[in-house]
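Asker: If you want the building blocks of each chain, they are given just below.
4 protein chains.
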Amino acid sequence: MNPTYTVDLNCDLGESFGAYKMGNDEVILPLVTSANIACGFHAGDPSVMKKTVRLALQQGVALGAHPGFQDLVGFGRRDMAVSPEEAFDLTVYQIGALSGFIKAEGGVLHHVKPHGALYNMAAVNPALAEAIAEAVYKVNPEVVLYGLAASALVHAGEKLGLKTAHEVFADRTYQQDGTLTSRRLPNALITNQDEAVQQVVRMVKEGKVRSQQGIDVAIKADTVCIHGDGAHAVEFAQLIRQVLTQKNITLQALSL
Amino acid sequence: MNPTYTVDLNCDLGESFGAYKMGNDEVILPLVTSANIACGFHAGDPSVMKKTVRLALQQGVALGAHPGFQDLVGFGRRDMAVSPEEAFDLTVYQIGALSGFIKAEGGVLHHVKPHGALYNMAAVNPALAEAIAEAVYKVNPEVVLYGLAASALVHAGEKLGLKTAHEVFADRTYQQDGTLTSRRLPNALITNQDEAVQQVVRMVKEGKVRSQQGIDVAIKADTVCIHGDGAHAVEFAQLIRQVLTQKNITLQALSL
Amino acid sequence: MNPTYTVDLNCDLGESFGAYKMGNDEVILPLVTSANIACGFHAGDPSVMKKTVRLALQQGVALGAHPGFQDLVGFGRRDMAVSPEEAFDLTVYQIGALSGFIKAEGGVLHHVKPHGALYNMAAVNPALAEAIAEAVYKVNPEVVLYGLAASALVHAGEKLGLKTAHEVFADRTYQQDGTLTSRRLPNALITNQDEAVQQVVRMVKEGKVRSQQGIDVAIKADTVCIHGDGAHAVEFAQLIRQVLTQKNITLQALSL
Amino acid sequence: MNPTYTVDLNCDLGESFGAYKMGNDEVILPLVTSANIACGFHAGDPSVMKKTVRLALQQGVALGAHPGFQDLVGFGRRDMAVSPEEAFDLTVYQIGALSGFIKAEGGVLHHVKPHGALYNMAAVNPALAEAIAEAVYKVNPEVVLYGLAASALVHAGEKLGLKTAHEVFADRTYQQDGTLTSRRLPNALITNQDEAVQQVVRMVKEGKVRSQQGIDVAIKADTVCIHGDGAHAVEFAQLIRQVLTQKNITLQALSL
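First to last, the sequence lines map onto chains Y, V, D and L.
According to our numbering, the first sequence is numbered sequentially starting from 15.
According to our numbering, the second sequence is numbered sequentially starting from 15.
According to our numbering, the third sequence is numbered sequentially starting from 15.
According to our numbering, the fourth sequence is numbered sequentially starting from 15.
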């Protein structure tokens, strides 16, 4: 009998705000298995959060909180020198806020994935990573912590006994130390869709990725980041679903 | 045997924000039995919320969410023409956010009391009152909804089967229809502390208040609003505790 | 010799915010003669303001400040119970902020038009209207105050000696007292584009509008509100430009 | 005849926000010669700005804009990874907003001093410094740019032809390269008030400061930062005024 492989497809959702629309949630939601829902700090507002939770529940997509910096005009993408305690506090607040809507709609919080600059900083800053992991643990020790594969964030979660999801990117290249190639360097992006999908297939089935140095690197691929916005987002989501399924990889969120 | 009387003393707390300090939480907390904790919209921030929850837990004071309008510069005191759905959404969000800290600190959410303009509008606007009551009910049907005695808000809560706390004011006078005398009118305030305390004693023991028209009006007094700020706040809180206790009125939050 | 007629076509612009795009400024700007630029409270941010000022200058469109309530999530469309002094202060602040960019780009502030709920409230509330007019006057007594035709706002401006622009709507019907038909009533909107344009032509040339009661009402039409968003916005702007020009009505902003 | 010495005493003011009070503006204003007025991003609100401008004008204190990061909860003290263009935009916006109140009150903008993290980052980051200097220059090339003595910020201003004010600190020690001793190191602060004042006297009269390494370092002292808050703020302001005056140092803002 063949071994079974599973992987989760996650996407940032609920990023509209007031009169401002962002993304194409209705179209992308049926194509993914878990949703990272903005919590009102870098994007999203209470009304958008309610609608997004409802929509994700209808589609059977796992519900995740997507906390970010309180920097709406910067969309949470600008590094901010927060202390670990401030990171703890803003994470608890945002998980709590989303959990309010999840309770009101009769769902279950499945995971937490930090957004943007908070995600990137937590990937390399152990003190920040530990603060975020502790925030998740203290609010709900059953949920899954999503972070960059092999990053300080997933390690901090594992140390606390949290379930973690190592996240990989289809359209990004990797270095021989397992980190992503910086966007400032050439060849950071994989623009060929087939190549991008094949990279994911190999990460899931073999646990390896070919680095920019031409050397295979071990990588854990629990979840793949799917973009919800952009010209080819839907097309790529459809392609990756199709190919992964053909390769006998089951698409599903990590079980709690 | 004498009948037993109980009443709750509630106070708005956790109203500091960032570098801005407000109130005297450490001093007032031991004098009240329930705390209405600001949730970051009209006052409070994630760090203040955590500290306030922790402090209230240490003092054995019942923990309440105190949602308000997203109007920090106006301290949530300015009426805003929100729709009932928007009121529902902002209430769910803020209850959820505070609940995150309560979980992280190992406590239990006890009640919800809207703040400022939201409280006043919900007292007289049934559609808004129903939206807020429904928000509380959907997030946690076990908690107590605090509202102005005999207002649209407590009625909306009772209709849904929520426990409610009818709130009375020691330092405000009443009209013969049971409403508060408008602050725009003379005699709206009771400045004599002994008179203010005696009004509460009578409300609790006899269920009556002498209106400005000289006629007794029936009133339910489950909880008394204690001010945390101002020159005589602490002094008055100490006085009312002492007198109520002498009159064999037990001070405690409503049981869940 | 024929009399000459002129009218201004104004449009709300610069309503994007951070990563959120709104409107189609590049397309609509060449079609109007004055721009109401959001100032960061209900919409717009510093970067958007700079770009919008620059774009409007390039197109030779008159630059106006478009102050609104500090209610980004509500897009400034929700009534807020601000005091006249608060209205004065928020108007000064926002005119000043936009003037910073106008100076930096080498332009001249031409007008001020309040936004959304602030516009509507100032149309009927004389105290609010006077506060806004005074704010404009104190920051720059040379600029034009735009307000609903015959409203409290333009009257307040005229009383102070400000130039004012009475604003009319192509796509709204009027009552016999000169006010707009409430959107809650049927027949509030004129959906036929030709009818809408003809209403404007008559308002400009004859100073009259046929009310819903079938009676002609006197109206001053200095400026016409052109929508920048929506399916037919551009098409309608092109149509009204074409017809007004054919009717020998000159399209230009009021001279300072 | 003796040479004449002058120095400016500047203080951050107008840092209250809505219901939140900060500082003791009425008391400190008569003791300083220039006021850095918060502009609503890290502190201050439109009403506070108006009152502060009015108060400073009454006291004959020079009016300065004090732009900061849009981080109210962090009081603008947390580094944010803004681009130079974003720094330009937020500076223009805030100078403009304050200028609105200055015009409304009949005053003149005298200077600009960035706040907190923006000040610190601009002291060492030339690209950021140039963007801020350019923003000041484009809005009003006549005003004085305040920055840390010998920092990238004052150099950027000088390169553009702006008047600059090199700022020194009475209560901070210096390194032999002219920079401030980091607050993370011991001996960063001078707690003895007499020593602090003597350091300023020497900086003004001799253009020198004794560094922590025991070596005299050249320093330009155009303006001294006076703290408005804290237990001994007023007492120290009074002391430094008295001693500087005794030493025949004239206290006045830089002439425009």
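The set of hints was computed from the structure by calculation and includes no laboratory data.
Just so you know, not all the hints are guaranteed correct.
Note: identical chains are not told apart, hence a pair may lie in one copy or across any two.
30 Å max Cα-Cα, derived DSS-like pairs, lysine-lysine [to be verified]:
1) K117 - K222
2) K173 - K65
3) K261 - K219
4) K152 - K35
5) K35 - K234
6) K65 - K234
7) K234 - K177
8) K35 - K177
9) K35 - K219
Here the structure is a predicted model, which is why all the values come from computation and not from measurement.
Asker: Each of the hints needs a verdict: does it hold here or not?
Answerer: Results of checking the hints against the structure:
Taking the shortest Cα distances, K117 and K222 never come within 30 Å of each other, neither inside one copy (39 Å) nor across copies (39 Å). When the C-alpha separation of K173 and K65 is checked against a cutoff of 30 Å, the pair qualifies only between copies, where the shortest distance is 26 Å, while the shortest distance within a copy is 35 Å. Proximity of K261 and K219 under a CA criterion of 30 Å is satisfied intra-copy only: 9 Å inside one chain copy versus 72 Å between copies. In the homo-oligomer, the alpha carbons of K152 and K35 lie at most 30 Å apart only across protomers (27 Å), although the nearest pairing inside one protomer, at 33 Å, exceeds that limit.
Proximity of K35 and K234 under a CA criterion of 30 Å is satisfied in neither setting, with 34 Å inside one chain copy and 37 Å between copies. Taking identical chains as interchangeable, the C-alpha atoms of K65 and K234 are never at most 30 Å apart, the minima being 33 Å within one chain and 38 Å between chains. Taking the closest pair of Cα atoms, K234 and K177 come within 30 Å of each other only inside a single copy of the chain (14 Å); across copies the shortest separation is 50 Å, beyond that limit. In this assembly of identical chains, the alpha carbons of K35 and K177 never lie at most 30 Å apart, being 33 Å within a copy and 37 Å across copies at closest.
Taking CA atoms no more than 30 Å apart as the test, K35 paired with K219 passes in neither setting, with 37 Å inside one copy and 40 Å between copies.
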